[in-house]
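**Student:** The chain contents come next:
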Amino acid sequence: MNALYALFVVILLLLVAWIGIGTVNLHILFGIVLPYLAFAIFVLGFFYRIIKWAGSPVPFRIPATCGQQKSLPWIKNSKLDNPHNAFWTIIRMALEILTFRSLFRSTRAELRDDQRIAYGDTKWLWAGALAFHWTFLIIILRHYRFFAEPVPGFVLFLQNIDGLFQVGLPVVYITDAVIVLAATYLFIRRVFIPQVRYISLFADYFPLFLIGGIAVTGILMRYFTKVDVSAVKELTLGWINFNPVAPEGIGIMFYLHLFLVSVLFAYFPFSKLMHMGGIFLSPARNLANNNRARRHVNPWNYDVKTHTYEEYEDEFRDVMKEAGMPLEKE
Amino acid sequence: MYDAGKIIIGLVVFIALVSYPVWYDAARGDIPTSVDPKIVTTEKECVAPTEYMKANHMDLLNQWRDNVVRKNIRVYTAESGRKFEMSLSHTCMDCHSNKSEFCDECHNYSGVNPYCWDCHIEPEEEQP
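Chains W and B, in that order, give the protein sequences.
In terms of this note's numbering, the first sequence has 359 at position 212, counting the first letter as 1, and numbering is strictly consecutive.
In terms of this note's numbering, the second sequence has 279 at position 92, counting the first letter as 1, and numbering is strictly consecutive.
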């Protein structure tokens, strides 16, 4: 049901854009006002979430460790999976963010026919997630051709690599195919694996459908319905120069694409998608495991009232001396 | 806020990345915000309407290429009934002989690198 609700909402969003552009002609609203608004919500919301997270103290190191801790010199420690200093923590974080090592580790438990439980590696989620995130990144970077003038060299380079096979005209981008397949896999996985379906909420399906919708409208626009790309860049450069115009004659598919992107940007800070910023703030990953090597003082410890033996002796010296008790200081 | 130094560095990097086009364009100053491909012909009518050609010319060229090279069909009948030879070098470039001011104008602007000229010889233009 959650999946159906999410699909329904995305279709509703498409209808809103379709009616707004196709019949009511709200080009200024959908082409200028909503994109600006969505971007502002994205940036401010992102800041808000990060600063709110930064307000949570982490007085004690709680890294999730997956290897031998650094201790005595003759015991070999696992530098990457149990980092003891900032350097190895950064390496560990970088590999986590760029290659998803923790997903690579995932295992699957299965009850065999003879009622024995068996565990095995499962790399599907890792492969699907890696394909999805990397193609998404490349696609976003490719879109800089609309925002930067002249088009930066790295964008042209990415386009050349992405369209390497020169299939069709305009050339088919490998990433366009991969992101649709990867998003489809990530969706099917949620529906067909019972345990995953049980924990899947609207907020899990909605971003998938939204991103899938963005990919599909983008693909339709590039390969099938076509739009006047120069007019699109006139619009996007207008945003960047803070002098926006809504040129006539851009096909409706562009506005469907743009509206879904606007919704994604505006929804971003309030959703699970904030893992983009959150991954950097994960205390189970971004801390070095030096709990035993260094003293970590709780920052909100109040001053504990102490009464040392020296102070005690000073207070009762006369009485103790009278009673003939041994004293450390006469 | 805890670890304020690191958080602020992270947020600065974030804002620098998402605003990259703004300062990239600002650093270049006066950039063209629209394109104006020059048409240098006395011919009144193209093989298809301008609006169609703006968005779909690559499709048409691809069909022409396939028809000529693979099916040996060389004549294109426009909607007006007029017949054209399916040829980039002759039909298209006869009117649009100014590659640098016509083709390249939009292609450079939107970062498109068509592979027409991998096979076809680029038209010679008088260098100003």
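Hint data in this document are derived by calculation from the structure and do not stem from the laboratory.
Just so you know, not all the hints are guaranteed correct.
As the list claims (entries may be wrong) - Below, a list of computed lysine-lysine pairs in the DSS-like style, where the Cα atoms sit at most 27 Å apart: (1) W:K373 / B:K225; (2) B:K193 / W:K373; (3) W:K199 / B:K241; (4) B:K225 / B:K193; (5) B:K241 / B:K225.
As the list claims (entries may be wrong) - Per label pair, the in silico range of CB-to-CB distance: (6) B:V227 / W:G300: 42 to 52 Å; (7) W:V171 / B:G192: 34 to 44 Å; (8) W:G425 / B:V256: 51 to 61 Å.
Backbone N, C-alpha and C define an ideal beta-carbon position, used for all residues, glycine too.
**Student:** Kindly indicate which numbered hints from before are broken by the structure, ordering the numbers from low to high.
**Tutor:** 2, 3, 4, 6 and 7
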